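Asks: Each chain, written out:
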Amino acid sequence: MDPQTLSPYLVQILNGLAFSMLLFLLAAGLSVIFGMMDFINLAHGSFYMLGAYLGFTAIQRLGSFWVAVVAVPILVAGLGFGLEMVLLRPLYKRGHLDQVLLTFGLAFVFADVVKWNWGADIRSVPQPPELTGALSLGVTVYPRYRGFVIVAGLLLAGVLWAIQARTRLGAIVRAGVADKEMVSGLGINVRLVFAAVFAFGAGLAALSGVIAAPFLSLAPGMDFEQLILSLIVVVVGGLGTLKGAFWGAIVVGLADTFGKIWAPDFSLLVIFAIMAVVLLLRPNGLFGRALA
Amino acid sequence: MTSDRRRRIGPGLATIAALVIFPFVSPSIYFQNVLTEVLIFGIFAMSLDLLIGYTGLFSFGHAAFFGVAAYTAGIVATRFSDNMLLTLAAGVLAAGLLALPLGALSIRSVGIYFLMLTLAFSQMVYAAAYKWTWLTGGPNGLAGVPRPVLGILGLDLASVSTFYYATLTFFLASYVVLRRIVASPLGHSFVGVRENESRMRAIGYNTWLVKLAAFVIAGLFAGLAGVLFSYFNGFISPSDVYWTTSGLVMVMVIIGGAGTLLGPVLGAGLVLILQNIVSSQTDRWPLIMGATFILFVLVARRGIAGIFHDTLALARRSARV
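Protein sequences appear in the order of chains Z and U. Those letters in the first sequence? Residues 1 to 292, by the numbering used here. Those letters in the second sequence? Residues 1001 to 1321, by the numbering used here.
Source of the hints: derived by calculation from the structure; they are not laboratory data. Values in this document were obtained by computation on a predicted structure and should not be read as measured data. Positions of the beta carbon are idealized from the N, C-alpha and C atoms, including for glycine. Hints are supplied without guarantee of correctness; some may be wrong.
Claimed, not checked - Example chain U residues on the side facing chain Z (calculated, C-beta under 7 Å, incomplete):
1. Met1116
2. Leu1117
3. Ala1120
4. Met1124
5. Phe1170
6. Gly1247
7. Leu1287
8. Ala1291
Stated by the list, open to error - Result set (SDA-like, lysine to any residue): computed pairs, CA atoms no more than 20 Å apart in a straight line:
9. U:Lys1131 - Z:Ile261
10. Z:Lys260 - U:Asp1283
11. Z:Lys115 - U:Thr1292
12. Z:Lys115 - U:Asp1283
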């Protein structure tokens, strides 16, 4: 094929990948939280939404995207740490369903707080001046900001992988996913690790929100929408693994983008169909281990 | 046994009597409508509890059956005939026919994967309701569903109190049937699957079939609730099939007390009455509902039925002393 007919596909593939990176940041936290604590955090999309809206305010007030990109995730991670300590910790002795239900309540609270504070209007965030304009890729041009999202996402995926595979902290987390009791038997403060993982996941979701803000618009409902997609990512990839979150995000991000082009009315259906097929063929997802 | 039974039947009859005379005591159309809605969602919540509370299957897509039945009844009523028997049969049948394949596929998975599969399937139904505009009205919903005409008796259900009594009849019938199911050997095998599925299989039960039976029965009753809702509301929108509706009915089950049939009905009552009161005062209804829900999970895990049971036990103990 000559480059002229190829380039529209290239642009769409890149768009899909940019979206995949946002999903990956969300799904990574969701997946590791599930792996360690055995519950699905239904408020995870709320952290993403909070990140996006706080980013909107920070950029408006401080005028700098870069300050927002650093400060907002730290702020939301702190919030996640507090929530884990106050609300989730008392429930660890109970069934995991209680935690799922509690986070379902939290999701409603956050959705309404955001609506209360920022209103129901659709809002948009300007791109940082350093990243406006287009990037020349030879056969085609591509928005510089989306290029940045892809590169930043891949870099972060690399960093997360390195932390998980090469550091002591990563070893503790991996061990925690495999066998919590054994880890605490070795004298490690598992509760603190839980809180830290939860906070880190919340921070990653907020980071995804801040990064998403300049190219997706902000509106009520964005939390549930993204939560559903990242849940699909985690289930398609397999729960509890970073690798699963990454490849799941690529699959869902590309399916979403191409679904919207080829079957604009049924793009959501395409994604759910992919998920259903994956689960029917591999009940634990692409890279998941069997559930106990 | 007999005294125990008498003790249980007494409050039950009193409640039924109270429900029957309610329209005379409170002629307010508003309250009759609220109570009608509570009874409809009571059937819906009881049906989900059959899965969550009895069989231990955490379905996060129960709105699919409610919605499909509501849409089917609405489409039949607006396009062909508003005969009650016809719309009712079509709606409930549609829910059952949907529950059969979706159940068969979902119960292959367990735990969180089951939850996700049911969620995924119900979101597919939502997508169909949202996009299939010529049939469902798409994002605008299906408007103008008439109150049905009951052909044989010539009864017109247009008036608020007649419709209330019709709903009450369906509710009581559903309760009696579900109670019989729960007390039957099939109902005991539901609980057996919840408690220890591999042991049930070892004893020789076909647990796949048991779970499928629970799923289809729950789907049929959710369908009944959906049909009643289409009559009641006169309007069906895609949000009735959306996953937040599944979540809301799950909240009713948990707040009311999973594993008891009447608990979820109380849960439905609390949620809907709270919604009616709070949303008439302030726009902050989701905030208050979320906070109430968090509170219930933290402090009253067994739900209203649990609180009721504990208070009753406490009162009896102190009465004896």
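Asks: The hint names U:Phe1170 as touching chain Z; please verify it with the least Cβ-Cβ distance against 7 Å.
Replies: With a closest approach of 29 Å, the U:Phe1170 hint is violated.
Asks: Against chain Z, is U:Met1124 within 7 Å by beta-carbon distance?
Replies: Because about 5 Å separates U:Met1124 from the closest Cβ in chain Z, which is inside the 7 Å limit, the hint holds.
Asks: Are the Cα positions of U:Lys1131 and Z:Ile261 separated by 20 Å at most?
Replies: holds (16 Å)
Asks: Using Cβ atoms only, decide whether U:Leu1117 comes closer than 7 Å to chain Z, and label the hint accordingly.
Replies: holds (6 Å)
Asks: Given U:Leu1287 was flagged as interface, is its beta-carbon under 7 Å from a beta-carbon of chain Z?
Replies: holds (4 Å)
Asks: When the nearest CB of chain Z is found for U:Met1116, is that gap smaller than 7 Å?
Replies: holds (5 Å)
Asks: Do the alpha carbons of Z:Lys115 and U:Asp1283 lie within 20 Å of each other, as the hint requires?
Replies: The hint holds at about 10 Å.
Asks: With a cut-off of 7 Å on the beta carbons, see whether U:Ala1120 makes it to chain Z.
Replies: holds (5 Å)
Asks: Mind checking the alpha carbons of Z:Lys115 and U:Thr1292 for me, to see if they're no more than 20 Å apart?
Replies: holds (19 Å)
Asks: Given a cut of 7 Å on the nearest C-beta pair, is the interface hint for U:Ala1291 held or broken against chain Z?
Replies: Because about 6 Å separates U:Ala1291 from the closest Cβ in chain Z, which is inside the 7 Å limit, the hint holds.
Asks: Against the 20 Å threshold, does the CA-CA distance of Z:Lys260 and U:Asp1283 hold or violate the hint?
Replies: violated (34 Å)
Asks: How about U:Gly1247: closest beta carbon in chain Z under 7 Å, or not?
Replies: holds (6 Å)
The structure is inconsistent with the numbered hints 5 and 10, although it conforms to all the rest.
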